[in-house]
Amino acid sequence: MNAAGFPLLSLLTFLPLAGAVFIMSVRGDDATVAANARWTALWTSLLVFALSLILWFRFDTSTADFQFVEQIDWLPEFGVGYHMGVDGMSVLFVLLSTLLTPLCILASWESVQTRVRDYMIAFLVLETMMVGMFCALDFILFYIFFEAVLIPMFLIIGVWGGPRRVYAAFKFFLYTLLGSVLMLLAILAIWYRFGTTDIPTLFAQPALPTSWQAWIFFAFLASFAVKVPMWPVHTWLPDAHVEAPTAGSVILAGVLLKMGGYGFLRFSLPLLPNASAEFAPLIFALSVIAVVYTSLVALAQEDMKKLIAYSSVAHMGIVTIGLFTFNQQGLAGSIFQMLSHGVVSGALFLCVGVLYDRVHSREIARYGGVAKIMPSYALVFMLFTMASIGLPGTAGFVGEFLVIVGAWHASPWLAFGAALGMILGACYMLWLYRRVIFGRITRDDLRALLDLSPREYAVFAPLILLTLWMGVYPQSFLSFFEVSVAALIQRHEAALSLPRLAGIAP
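Per the numbering used here, the sequence shown runs over residues 546 to 1051.
FYI, nobody ran anything at the bench for these hints, they're computed from the structure. Keep in mind it's a predicted model, so treat the numbers as computed, not measured. Check the hints yourself; a few may be wrong.
To be verified - Simulated restraints on C-beta separations: (1) Met569 to Phe961: 51 to 59 Å; (2) Ala1006 to Phe961: 55 to 63 Å; (3) Trp588 to Glu823: 46 to 54 Å.
No residue lacks a Cβ here, since even glycine has one placed at the ideal position from N, Cα and C.
Produce the complete structure using the sequences and hints provided.
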């Protein structure tokens, strides 16, 4: 589905790098360099987003095949190639990445005043790695993008973060790198078995032996669980969110946390069907613990960013529950939940950033009565709070509802565990909103706060539109991946039925 052989995906992937190179070439005084860096990064990211809309308009939702495919021999003697393409399970993640990047650059317009050129370069490089990861159709190519994402995010946290930024950056880097080393060993094992790392070719091969599947499954789990993050390897996330600048938290919650869920969806489920089914109860147990435990921890937080960070772990626990239900509702709900969480959690971190830019404090007790002095901000914050707790008519409801329905087919108790997330989510988010927005104004310096600026309205407007659009008309998004999910379930069931038909283990 690549119109006239035009390399659209490569353009989307590497155009931000071109913008970064241009920013590096700019010369002049600090003010001139900073201004040129901001505008170049913004216009480059907006152009990438505009080009990514071609995927939306030209994508064929009636097929599960990969579209906009590009393939070039890279290391043919080793079965490794430059292979790019998107299907219904990846195309919307590309759009999510290209949407959030210009919003993050715009949100950082005034808050980042030091090393502005380096900051904008880091964000453009990060966009290249995110888009490339969701488009990669070769294991080695995927691994390169998957790991390269760590470098700009490490710098964004470590250079422009809070007082404990170095500790948080190294903790983030080491946690995620350690798991990824095991994934590399799993990729090498798959290459040794089949002689190729081309993903569509691997999908067409017979399933791996059961003994191989178990080891490779846990190697993938070590990497993807950290990225989600699943309990108990989630402890890097609150520190990273608290210390990261606002835009870093937005990308971290909006896109980078989806890398783990996407990895399960793209690799573990289709390539390791027997192991995925066998170890699904383990995933369910870890996910329910994450939903309940991190929700209770969120209730005890006094830092707004840390509370939202723990809520992200709980929401992603719902995602992993849905992924391993192996039914249409659960899988579709998980993908929708990842997309909606990317929009809503990113918006919540932006809401915290608005207050932080004015008061330079994230402590909940520091605020009170904000609705009286910033009514427009209070309304925006309320919308995203309601979406976070799954209010019908908002993006947060659809994914969670579908996951609970899918979990019910697997086990009523599992559905109950997933539903607890919505109940506890209402508790901690409404508690946060009441403390910050309502009540009396606790400090005199709050009375001088200004409401949302035109720039901040521009940042929130597309997120508000998406939150309501996804909640009111979810089929316009579900239609993109329904066929791909059905094909994945069919492949999974066929792989599980083969040993029973043959009477032997694979």
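Status of the hints after comparison with the structure:
1. A hinted range of 51 to 59 Å for the beta carbons of Met569 and Phe961 is consistent with their spacing of about 54 Å.
2. Taken as a hint, the range 55 to 63 Å is violated for the pair Ala1006 and Phe961, whose Cβ atoms sit roughly 38 Å apart.
3. Between Trp588 and Glu823 the CB atoms are about 50 Å apart, so this pair conforms to the stated range of 46 to 54 Å.
Hint compliance for this structure: hint 2 is the single one not met.
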